[in-house]
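Residues per chain are reported as follows:
Number of protein chains: 4
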Amino acid sequence: MSSGQIGLWLIGAKGGVATTVMTGLAAMARGLAPPIGLVTETEALRPLDLIGCDAIVVGGHDIRPGSVVEAAQRMWTESRAIPPELLTAVTADLEAIDARLRPGSVLAAGDAIGALADASILARRETPRQMIERIRDDICRFASDNDLKRVVVVNLASTEPPWTAPIPADYATVAAQLYQPAAASPLPTSSLYAIAAFEADAAYINFTPSTGATPPALDALARERGLPHAGCDGKTGETLLKSVLAPMFAARNLDVMSWVGHNIFGNLDGRILDDPANKAAKVQSKDHLLAALLPTPPQTLVSIEYIESLGDWKTAWDHIHFRGFLGTPMTMQFTWQGCDSILAAPLVIDLVRLVDRARQAGECGQLPWLASFFKSPLGCTEQAFAAQVGLLQTWIATQTISR
Amino acid sequence: MSSGQIGLWLIGAKGGVATTVMTGLAAMARGLAPPIGLVTETEALRPLDLIGCDAIVVGGHDIRPGSVVEAAQRMWTESRAIPPELLTAVTADLEAIDARLRPGSVLAAGDAIGALADASILARRETPRQMIERIRDDICRFASDNDLKRVVVVNLASTEPPWTAPIPADYATVAAQLYQPAAASPLPTSSLYAIAAFEADAAYINFTPSTGATPPALDALARERGLPHAGCDGKTGETLLKSVLAPMFAARNLDVMSWVGHNIFGNLDGRILDDPANKAAKVQSKDHLLAALLPTPPQTLVSIEYIESLGDWKTAWDHIHFRGFLGTPMTMQFTWQGCDSILAAPLVIDLVRLVDRARQAGECGQLPWLASFFKSPLGCTEQAFAAQVGLLQTWIATQTISR
Amino acid sequence: MSSGQIGLWLIGAKGGVATTVMTGLAAMARGLAPPIGLVTETEALRPLDLIGCDAIVVGGHDIRPGSVVEAAQRMWTESRAIPPELLTAVTADLEAIDARLRPGSVLAAGDAIGALADASILARRETPRQMIERIRDDICRFASDNDLKRVVVVNLASTEPPWTAPIPADYATVAAQLYQPAAASPLPTSSLYAIAAFEADAAYINFTPSTGATPPALDALARERGLPHAGCDGKTGETLLKSVLAPMFAARNLDVMSWVGHNIFGNLDGRILDDPANKAAKVQSKDHLLAALLPTPPQTLVSIEYIESLGDWKTAWDHIHFRGFLGTPMTMQFTWQGCDSILAAPLVIDLVRLVDRARQAGECGQLPWLASFFKSPLGCTEQAFAAQVGLLQTWIATQTISR
Amino acid sequence: MSSGQIGLWLIGAKGGVATTVMTGLAAMARGLAPPIGLVTETEALRPLDLIGCDAIVVGGHDIRPGSVVEAAQRMWTESRAIPPELLTAVTADLEAIDARLRPGSVLAAGDAIGALADASILARRETPRQMIERIRDDICRFASDNDLKRVVVVNLASTEPPWTAPIPADYATVAAQLYQPAAASPLPTSSLYAIAAFEADAAYINFTPSTGATPPALDALARERGLPHAGCDGKTGETLLKSVLAPMFAARNLDVMSWVGHNIFGNLDGRILDDPANKAAKVQSKDHLLAALLPTPPQTLVSIEYIESLGDWKTAWDHIHFRGFLGTPMTMQFTWQGCDSILAAPLVIDLVRLVDRARQAGECGQLPWLASFFKSPLGCTEQAFAAQVGLLQTWIATQTISR
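The listed protein sequences derive, respectively, from chains A, B, C and D.
Following numbering that gives the first Met the number 0, the numbering of the first sequence begins with 0 at its first residue and continues without gaps.
Following numbering that gives the first Met the number 0, the numbering of the second sequence begins with 0 at its first residue and continues without gaps.
Following numbering that gives the first Met the number 0, the numbering of the third sequence begins with 0 at its first residue and continues without gaps.
Following numbering that gives the first Met the number 0, the numbering of the fourth sequence begins with 0 at its first residue and continues without gaps.
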């Protein structure tokens with residue numbers, strides 16, 4: 000179906016997930032890595048004839064100093080997660096991406112994220128409207144410079160604090176407020192980026208719990224411009240397991256009394272989440288689905304703590320206390336030792352291919368059939384993983400029957 | 000839909016699962032226990048209008064000395080799994096069941112099970128045909144004495160060694176061989192019981208990995224008589240989790256390299272499984288599904304060990320070693336601390352209600368839509384739990400639409 | 000050595016540990032329970048000829064409504080930790096203790112503890128001096144009414160918030176300030192109780208992380224009156240394991256990079272610790288010892304969370320991340336599923352017997368050889384459990400040689 | 000105290016532990032690795048003035064084809080345990096060791112080990128006496144070629160099956176039988192190596208559960224020649240934890256009812272232990288100490304299983320079921336994810352330095368003060384780790400006082 004190249008523009012391009020996406024695309028293109036972990040490479044998705052992983056050109060924004068090459072190498076030196084020989088083999092590819100990166104923005108991103116930013120980023124004085132136009136122009140230039148057919152923008156930036164100010168429901172009102180100074184921004188940074196993406200004629204994926212394109216006003220903008228978007232918050236580890244295990248307890252009529260999840264990890268994302276404001280958004284995204292999946296909501300507790308020695312290894316301990324027949328209390332515990340970026344990166348690539356495919360099929364607005372990829376799926380209340388996978392399979396069937 | 004009472008005839012009536020079934024039915028009838036753990040009491044199954052739990056009269060066979068009351072009390076004294084006040088409250092009900100029990104048979108059941116049997120059981124000299132008729136008559140008398148509309152026989156006896164002799168494919172040949180002496184029995188004990196059940200006009204459920212009604216010859220007999228049957232081997236704990244978790248690894252294209260499961264427990268079932276011959280049947284039943292659920296079969300290991308202090312608490316540790324993107328190895332571990340009989344008993348009651356419902360709906364032979372209840376479902380190759388639950392839901396829809 | 004009876008006066012007499020102490024003493028006296036978990040019943044302590052468990056008469060203070068009998072029964076109904084038949088067998092003994100209880104005090108105990116108190120307790124208006132005299136008189140009357148040879152007071156009350164006001168180093172200054180109103184109390188409630196104990200000629204044990212007799216001024220008072228005291232904070236579960244495992248890592252020169260401990264439980268103590276102020280004292284007591292035991296202090300994290308369904312079952316997950324030879328990172332994890340009161344109660348009895356024995360041997364002030372019983376041992380910097388047990392063994396040797 | 004170089008002669012020089020010893024010594028000598036995991040580099044052992052790690056020259060025997068360099072690289076390619084850059088940096092050092100290796104022997108080593116051997120090894124036809132002389136000459140030539148002051152031989156070869164034939168108690172009788180053909184060898188291979196070591200004037204350390212120098216006849220030979228020896232079976236992971244944790248349960252008078260340990264790993268040692276005969280020796284060595292450490296021996300179970308994907312990562316799950324006060328059952332579980340060779344290698348280096356130090360101090364025969372290093376310490380019945388560490392500290396004190 001597809002020929003030519005498409006663009007993948009990453010917000011937060013120097014983070015662990017982003018650099019793993021870049022390293023993985025380059026390694027697969029060079030034949031150095033099999034496509035393990037890519038949903039789009041399973042038998043079930045073959046009929047979709049998705050764009051090849053080697054047809055994806057990467058660029059992006061970031062607010063931090065340092066190069067993509069250095070960031071990628073930390074996946075070895077701090078986390079032992081990507082073998083050094085692989086990183087060496089793709090260094091030239093990463094350097095090429097480095098040359099395409101552009102300075103991002105911390106306008107309305109909160110203190111914890113601001114503390115990460117380069118001085119030159121902090122020195123910018125832009126209204127939201129100015130920021131959007133700068134970002135939009137960067138994306139457009141990326142598309143034209145690289146002769147790209149289409150672009151998908153993915154938000155991989157650090158989690159923002161929850162945005163508590165009300166957001167107008169219609170886009171026109173929002174648009175008018177974008178001319179106010181930064182301090183009166185009607186939207187958080189992640190949403191300004193989403194507007195920029197739409198204005199640059201790019202699809203948008205929010206892989207974080209930040210606000211992004213979630214507000215109805217932004218969904219309206221996307222639909223108006225005929226662009227699809229998806230989110231929120233990639234479901235990679237502990238929450239994935241919740242969405243797999245909780246339906247079993249429900250199906251068996253076992254009464255889950257409490258579900259406790261403790262998460263520890265040591266990457267940059269962890270340092271940001273150590274800030275209580277930023278953590279609140281993440282915990283909410285990890286916690287709410289149990290109430291949706293179980294007939295009687297259990298007592299729940301989710302903690303996320305920064306433990307430096309773990310690097311990118313997100314280790315979770317979950318303790319599930321449930322009652323069975325005759326009221327007998329029983330326990331399931333699991334520990335998950337997963338490398339966060341290694342789990343997330345292939346899902347980002349999957350989403351880019353699928354959202355781009357949906358765009359080619361003429362879909363716009365939210366894509367609820369991508370629910371299985373997200374902790375807080377847009378346009379979909381289904382939280383059970385198997386049922387969410389069923390939504391994807393149904394969509395695949397509609398696509399392949401119609402051709 | 001249902002009025003009047005049905006019979007539940009348990010093979011292995013003095014075991015932990017059987018006495019928990021009895022205790023639970025009595026406790027629920029007296030309003031002392033909510034129906035936690037009963038799939039048939041979830042919202043999704045309400046439209047089936049199943050027979051009430053209080054309309055089930057229990058009897059059964061066993062080979063061991065001692066009373067049902069004593070056996071039930073061990074769920075408190077050895078396992079702390081059923082509160083003593085509950086056991087006290089249902090003592091009269093259990094005594095009534097005791098009066099309905101009949102001596103079973105160890106004909107062709109292997110040495111480990113024979114060692115459990117009462118001397119009077121071992122002293123019996125019967126051909127398979129004679130044993131079947133005795134068992135059949137016991138079941139018929141149970142039905143008539145208690146004025147039961149229908150009877151369901153459930154095999155809860157200790158796991159037999161795998162039956163290695165070939166079993167003729169047509170029932171007529173099998174039937175002729177039943178007149179040979181016990182040493183030349185064409186079938187193991189569990190299958191002789193199944194024939195007796197069918198001859199007594201009872202549906203049959205094999206909750207164990209023993210042979211039961213699995214051979215095509217016996218399925219033919221059931222269909223000939225218009226009787227449904229289901230099996231094998233109730234899926235209660237570690238294997239349930241395998242059927243829930245493995246599909247997730249497959250859906251996410253994660254490469255499971257090895258899956259190790261160690262099970263320890265201390266009930267009678269555990270003592271029997273300490274015999275290598277009997278254990279072989281169980282391990283096979285717990286292990287085979289991973290190859291069916293994962294695209295590349297991993298190295299697997301299942302152990303089941305008898306640890307006396309645990310009583311009925313089946314504790315499992317599973318270690319799942321998988322590779323993700325770029326070949327990075329990761330690990331999931333879980334421990335499951337479940338009370339075996341407490342998990343199994345409500346499923347037995349569920350199966351009795353559902354198989355009886357299927358019989359009323361005119362179904363006979365294997366019931367593949369009951370796959371979610373079994374480790375080795377008859378007539379169904381689907382091993383993913385969510386898909387198996389889907390089969391049940393589909394069947395429910397067909398039943399309720401037709402009315 | 001001992002004849003006659005001694006008194007055990009419990010502050011917090013209606014809590015889980017206290018009622019388990021009472022239940023246990025009564026059950027052992029009636030021959031219904033073996034002395035499992037009592038250090039003082041091991042072979043090594045036999046030569047001390049300690050006072051018999053059946054020679055200990057129990058009374059105490061509490062601030063809450065309800066009876067000891069009801070509180071003890073919650074160890075069955077909420078926690079399944081003490082069999083109901085045992086509780087029934089000792090009901091008369093518990094009722095006798097109930098008759099000896101006296102109303103306690105929440106003077107200077109903080110808001111979370113105050114919220115537990117009975118209205119009649121909250122209505123009292125006492126200066127610290129008046130409170131001490133009332134408490135002292137209660138203890139003296141307990142001793143005379145029951146013809147007790149000696150009394151040991153044990154603090155088992157809920158953990159207070161850390162006391163941040165400076166405490167004068169000499170007792171005379173403290174004593175003068177006790178006449179001020181409650182709001183200007185120079186000491187927290189736990190310390191006022193300790194003074195009352197000393198004034199009542201009783202030894203004192205602080206089984207909590209509250210201040211108790213820790214301040215030098217109170218130690219001086221104890222020594223002046225010839226009374227021994229010990230503390231702080233009984234070492235029952237997760238912290239015990241830290242003091243056992245950390246010395247191994249140190250001895251093997253393994254570099255512990257991080258040690259994370261998550262604790263969940265659901266008893267009243269847990270509800271109090273849900274208050275951040277009260278939790279701070281506990282976390283500090285659980286956390287500080289790793290820095291003392293390891294050559295390079297690791298990053299540490301301790302959480303304690305209230306999960307109602309667990310009742311008295313304190314479940315801890317510890318994740319220990321360490322580097323070995325050539326810098327290779329490795330992991331140890333443990334989960335501890337212990338019943339808090341069941342673990343603590345025998346240690347309380349042990350301490351009563353040992354502190355009373357020390358008093359008979361003429362010891363006064365802090366007893367550093369009891370370090371193995373405490374998270375924050377008074378008068379002892381040794382935190383390694385095996386070395387602490389060595390201190391006890393050495394003391395036993397001095398006691399038995401001298402006789 | 001020491002100048003000049005000493006020799007370390009490894010039996011099983013191409014195994015994971017041996018190549019990690021070589022890699023580690025070379026890396027430390029080049030300043031590329033800190034001495035983490037070396038007991039001899041802790042503060043407590045500084046006064047011993049041990050020989051420097053850079054003064055140890057390595058050689059050895061092996062029966063397998065392939066080079067040390069290749070074997071060392073598997074610690075990266077199969078196990079991700081030693082970083083590839085470190086292996087590259089020491090390649091020249093490993094090649095130099097390769098040049099010093101000599102062909103070993105499988106005389107009387109059992110079938111599983113024989114299956115690993117190179118054809119040239121299997122083709123040898125030697126009597127035990129001839130084998131000893133060949134091995135002895137190899138060691139002597141190593142010493143003279145490298146101008147070594149003393150040599151320590153360490154057995155790191157795969158675990159032999161238990162040796163069931165009786166071994167004469169006096170060495171003269173043994174010596175006479177060495178002239179018989181291989182099939183009538185009076186001793187297993189490991190013991191023949193030990194004799195060769197003693198005849199080559201080398202101290203001997205048995206880091207495996209094989210027989211080695213354990214028989215009294217061989218101890219007599221060592222003492223006659225003034226040589227020290229130590230063993231058996233390095234205590235690196237799960238068994239180390241048993242020797243640390245069991246004393247805690249004993250000290251607290253908690254009644255351990257069962258202790259189950261499941262071990263999985265995938266290195267060559269694991270493949271050999273997959274043979275039931277070889278496994279028997281290992282399980283016995285891992286299991287016996289609990290009976291020695293606990294007042295009432297619990298039911299125990301130890302399994303060791305070969306799971307290829309784990310490589311050198313020995314993962315253990317232990318489940319400890321114990322009763323506390325009032326008979327309440329409780330549970331501790333731990334998982335240990337340790338890299339076997341990484342844990343073992345520094346202990347080998349420690350033992351070489353300490354045994355050589357003892358030899359300089361004039362000690363010969365068994366060295367019971369090294370008990371903390373071994374699962375089955377020779378000459379010492381103490382199994383509690385802390386007490387074993389105390390034996391080492393006491394010895395250090397005697398050595399440093401005397402100088």
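Keep in mind the hints are simulated off the structure, nothing from the lab.
As the structure is a computational prediction, the values presented were derived from the model and not from experiment.
Even for Gly, the Cβ is constructed at its ideal location relative to N, Cα and C.
Incorrect hints may have been included.
What the hints assert, rightly or not - Have a look at the derived ranges for each label pair, beta carbon to beta carbon:
1) C/ALA396 - D/GLN4: 52 to 60 Å
2) A/PRO165 - C/ASP273: 50 to 58 Å
3) A/THR295 - C/ALA396: 33 to 41 Å
4) A/ARG124 - C/THR172: 21 to 29 Å
5) A/PRO367 - B/PRO294: 37 to 45 Å
6) B/ALA396 - A/GLY378: 47 to 55 Å
7) B/ALA396 - A/ALA182: 54 to 62 Å
8) D/THR380 - A/ALA279: 52 to 60 Å
9) D/PRO367 - B/SER119: 35 to 43 Å
Consistency of the hints with the structure:
1. C/ALA396 - D/GLN4: 52 to 60 Å: Violated - the Cβ-Cβ distance for C/ALA396 and D/GLN4, about 47 Å, lies outside 52 to 60 Å.
2. A/PRO165 - C/ASP273: 50 to 58 Å: The hint (50 to 58 Å, Cβ to Cβ) is violated, given that A/PRO165 and C/ASP273 are roughly 32 Å apart.
3. A/THR295 - C/ALA396: 33 to 41 Å: violated, 58 Å
4. A/ARG124 - C/THR172: 21 to 29 Å: Between A/ARG124 and C/THR172, where Cβ atoms are some 60 Å apart, the hint is violated.
5. A/PRO367 - B/PRO294: 37 to 45 Å: Distance hint for A/PRO367, B/PRO294 is violated at roughly 27 Å.
6. B/ALA396 - A/GLY378: 47 to 55 Å: With Cβ atoms ~26 Å apart, the hint is violated.
7. B/ALA396 - A/ALA182: 54 to 62 Å: The hint (54 to 62 Å, Cβ to Cβ) holds, given that B/ALA396 and A/ALA182 are roughly 57 Å apart.
8. D/THR380 - A/ALA279: 52 to 60 Å: Since D/THR380 and A/ALA279 have Cβ atoms about 57 Å apart, the given range 52 to 60 Å holds.
9. D/PRO367 - B/SER119: 35 to 43 Å: violated, 60 Å
Checked against the numbered hints above, the structure violates hints 1, 2, 3, 4, 5, 6, 9; every other hint is satisfied.
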